[in-house]
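**Q** I would like the entire structure built from these sequences, with the hints used as guidance.
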Amino acid sequence: MPHVPAPHVLVVYTDDEPGVLTRVASLIRRRGFNIHSLTVGPTERTGLSRMTIVVDSDAPTVRQAVAHLRKLVNVLEVQQLGEGPMVVRDLVLVRVTAGPKVRSEVLQLAQVFRATVVDIAEDSLVIECTGSLDKIDALVDAMRPFGILELGRTGAVAMARGTRIPSATRAPLPLRTGSGPEAMSV
Amino acid sequence: MSQTGAQLIWESLLREGVDTVFGYPGGAILPTYDAMVGYPIRHVLVRHEQSAVHMADGYARASGRVGVVVATSGPGATNLVTGLATAMLDSTPLVAITGQVGSALLGTDAFQEVDITGITIPVTKHNYLVTRAEDIVPALREAFAVARSGRPGPVLVDITKDAQQGRARLDWEAALPHRHLRHLPPPLDPAALAQALDLIRHARRPIILAGHGVQLAGARAEVLALAERSDIPFALTLLGLGAVPATHPLSLGMMGMHGESWVNRAIQEADLLLAFGMRFDDRVTGKLKEYAPHAKKLHIDIDASELNKNVPVDVAIAGDLLEVLRALLPGVPVADRSGWLDTIREWRGDSAVRDIKNLPDDGHLYAAHVMHDLWCLTKGEAVVVTDVGQHQMWEAQYYKHDGERSLITSGGAGTMGFALPAAIGAKIARPEAEVWVVAGDGGFQMTFAELMTAVQEGVKVNIAVINNGYLGMVRQWQALFYEGRYAATPILSPDFVKLAEAFGIPGQRVETRVEVAAAVARAREAKGAALIEFKVEQEDSVYPMVPAGAALHEMIRRPSALAETGSDPV
Ligand SMILES: Cc1ncc(C[n+]2csc(CCOP(=O)(O)OP(=O)(O)O)c2C)c(N)n1
Ligand SMILES: [Mg+2]
Chain B
1 MPHVPAPHVL VVYTDDEPGV LTRVASLIRR RGFNIHSLTV GPTERTGLSR
51 MTIVVDSDAP TVRQAVAHLR KLVNVLEVQQ LGEGPMVVRD LVLVRVTAGP
101 KVRSEVLQLA QVFRATVVDI AEDSLVIECT GSLDKIDALV DAMRPFGILE
151 LGRTGAVAMA RGTRIPSATR APLPLRTGSG PEAMSV
Chain D
1 MSQTGAQLIW ESLLREGVDT VFGYPGGAIL PTYDAMVGYP IRHVLVRHEQ
51 SAVHMADGYA RASGRVGVVV ATSGPGATNL VTGLATAMLD STPLVAITGQ
101 VGSALLGTDA FQEVDITGIT IPVTKHNYLV TRAEDIVPAL REAFAVARSG
151 RPGPVLVDIT KDAQQGRARL DWEAALPHRH LRHLPPPLDP AALAQALDLI
201 RHARRPIILA GHGVQLAGAR AEVLALAERS DIPFALTLLG LGAVPATHPL
251 SLGMMGMHGE SWVNRAIQEA DLLLAFGMRF DDRVTGKLKE YAPHAKKLHI
301 DIDASELNKN VPVDVAIAGD LLEVLRALLP GVPVADRSGW LDTIREWRGD
351 SAVRDIKNLP DDGHLYAAHV MHDLWCLTKG EAVVVTDVGQ HQMWEAQYYK
401 HDGERSLITS GGAGTMGFAL PAAIGAKIAR PEAEVWVVAG DGGFQMTFAE
451 LMTAVQEGVK VNIAVINNGY LGMVRQWQAL FYEGRYAATP ILSPDFVKLA
501 EAFGIPGQRV ETRVEVAAAV ARAREAKGAA LIEFKVEQED SVYPMVPAGA
551 ALHEMIRRPS ALAETGSDPV
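Residue numbers (the numbering used here), protein chains in the order written: chain B, 1 to 186; chain D, 1 to 570.
Note that these hints are calculated values from the structure, not bench results. Where a beta carbon is used, it is the ideal one built from N, C-alpha and C, also for glycine.
Here are the computed distance ranges between Cβ atoms for each label pair: (1) Thr22/B / Lys498/D: 48 to 58 Å; (2) Arg29/B / Met1/D: 38 to 48 Å; (3) Gly17/D / Leu93/B: 55 to 65 Å; (4) Gly41/B / Tyr486/D: 54 to 64 Å; (5) Arg161/B / Ala174/D: 32 to 42 Å; (6) Arg45/B / Leu184/D: 18 to 28 Å; (7) Ser26/B / Ala191/D: 32 to 42 Å.
Pairs of lysine-lysine residues, derived as DSSO-like cross-links and limited to a Cα-Cα distance of at most 30 Å, are as follows: (8) Lys71/B / Lys296/D; (9) Lys535/D / Lys400/D; (10) Lys527/D / Lys400/D; (11) Lys535/D / Lys460/D; (12) Lys289/D / Lys71/B; (13) Lys400/D / Lys357/D; (14) Lys71/B / Lys287/D.
Every beta carbon over 10 Å from chain D, so not counted as near; a handful from chain B, in silico: (15) Val112; (16) Asp134; (17) Asp137; (18) Val140.
**A** Below you can see the structure in the form of structure tokens.
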């Protein structure tokens with residue numbers, strides 16, 4: 001499992017508009033920034049999206065990435081977490097081989113990680129777990145000997161600890177968000 | 001009262017102060033063309049959409065206003081791409097409006113449907129897909145604001161046919177853009193300013209590196225004031241030429257790959273670089289590891305992503321150059337640096353003896369002579385628009401640009417075919433200016449169809465085709481780095497005099513230096529566009545030269561035998 005240096009977690013607030021993810025992805029690809037994960041979702045405000053990007057690069061490269069992201073018209077704010085304390089969470093769904101002989105062992109291990117079983121089939125289990133990137137890595141390593149049949153991770157969602165409120169949650173947004181077939185977005 | 005989307009496009013352009021658009025019609029943009037009639041905006045019909053962008057680019061660079069392009073969907077839109085990339089790399093404010101298939105057909109590979117917003121993401125500052133008439137005005141208004149603000153650049157607005165045909169009310173005030181304000185540089189940091197002044201105070205061998213940003217920021221007077229107050233010489237990037245006067249006593253000339261040796265030497269020996277509105281492109285730095293090894297570096301640019309990108313600097317200030325310099329000026333120490341300036345003058349004297357300009361006429365016609373003569377004959381007052389190649393570098397070396405916006409050239413992209421269309425745009429923007437095209441035989445053949453545009457629009461540009469029978473700059477690299485194997489660089493040309501005549505403009509051919517002045521005079525006197533073909537030395541090379549990847553001081557100097565043989569020493 002690739003180890004992610006914790007400081008390089010970016011939170012990017014963007015307009016919720018068709019094409020924004022393409023612009024961000026295009027920038028990352030073109031400038032050659034290595035990313036470990038990128039997640040995107042809505043926020044409490046209509047028209048405002050929030051991305052968490054985990055960047056797998058050295059500090060100068062990350063500074064460049066931030067400077068470039070700040071040039072996109074659709075980007076309201078870029079926070080570089082890791083300058084202070086933060087919470088980083090990843091969610092995994094993992095389908096593990098678990099025939100009758102080892103099933104209880106798998107269940108026990110899952111419990112250690114406070115993971116929950118969300119599906120049971122004859123020879124396998126699907127386990128869900130939320131936690132820090134390290135914890136998820138450890139869970140996956142623990143399950144590997146049993147045989148992993150399928151695995152999906154969301155990628156990290158991160159937030160700074162404390163009371164700092166991002167200005168993007170108050171900044172003006174376009175009157176309308178995008179036009180045309182929303183289904184064609186991103 | 002509601003209007004059609006097509007009308008709203010023209011209403012928006014009017015309100016943005018647009019007087020000219022460069023375009024080419026087609027099915028998906030037809031409603032917009034149909035609505036154009038009656039609006040007091042000049043439409044220049046080009047011969048290829050790429051040229052429309054170059055024209056708008058030339059128009060914008062000559063005037064500082066936003067250039068506007070109109071094209072149809074599909075191939076019309078894809079033809080814009082090279083022009084947009086050219087404008088993007090050189091920070092030209094443009095708005096390109098393209099027609100798009102009806103919104104119901106989007107994503108179906110309909111006739112002439114191309115995902116132009118997808119294609120142009122990397123070559124525009126921003127772009128829009130507009131599918132409703134009511135979104136046209138907000139999109140266009142924001143597009144102009146984005147194109148102009150911060151570091152300028154091109155913006156594309158793709159408008160579906162049904163949006164052009166639909167109706168909406170014009171509400172200009174409600175469309176006031178604000179998103180371009182998200183990225184304005186932060187307020188000036190007094191600590192950074194103090195650090196910058198400290199660097200200047202302690203420098204003994206400082207040098208100013210002035211780039212295109214000086215022109216874009218309108219900071220000519222401030223750069224000069226700083227240079228004069230503290231007796232600091234300045235070197236220019238290719239796009240910085242003209243930003244400050246070439247004939248100023250503190251002006252060193254162009255830096256970089258084809259900069260004069262004393263300029264690059266001064267940079268390598270300097271103890272402080274003051275980089276103003278430039279971006280340390282590889283063409284100006286050479287090998288980064290050995291670039292200006294003794295110098296502290298102060299970098300001021302409006303684009304924060306350019307700071308510490310190529311060259312790590314000691315003090316980086318993201319901001320409007322004009323504003324930053326105004327804040328710095330009162331604290332800049334008055335100094336006398338005659339020792340440092342004398343040293344540079346000595347280096348310069350050593351090079352001057354090799355300069356082809358100072359060699360007697362030997363019967364050969366050199367492009368360098370043509371450029372030098374053109375400079376003298378036009379008193380250095382012309383707007384020169386160059387293409388890309390050897391002639392471009394000779395122009396930069398021998399035409400001394402004093403005036404702002406007096407050199408228009410494709411620097412970042414190096415786009416051949418740029419000169420003629422960009423010159424047409426420049427002349428339209430500044431009808432009172434004398435505009436010269438300087439193009440190679442190769443590049444001129446890429447877009448010479450625009451001669452007809454010049455004729456149809458009655459645009460007087462004077463054209464110097466520097467015919468060396470080669471894609472000369474590439475041939476030069478082959479001579480120097482590929483053992484003289486001239487693969488695909490010899491190029492035939494049509495009879496340019498006859499070609500000019502076919503377009504209905506006067507053409508002349510010049511083969512010796514003594515004919516230059518009379519030909520230039522005749523071209524200037526011609527009422528409309530006029531062309532001169534200069535048949536120059538075929539295997540001449542541009543010197544000095546820093547080979548790609550070499551350090552700035554590892555220059556190939558002008559061979560002193562050059563003038564005798566007229567060919568490369570290979
Ligand atoms: C569109 C484009 N294609 C290719 C090149 C590569 N290139 C750079 S200079 C040059 C030669 C230009 O030849 P010409 O126009 O005759 O000018 P010269 O160098 O001979 O003065 C070429 C092919 C380019 N810059 N732009
Ligand atoms: Mg040539």
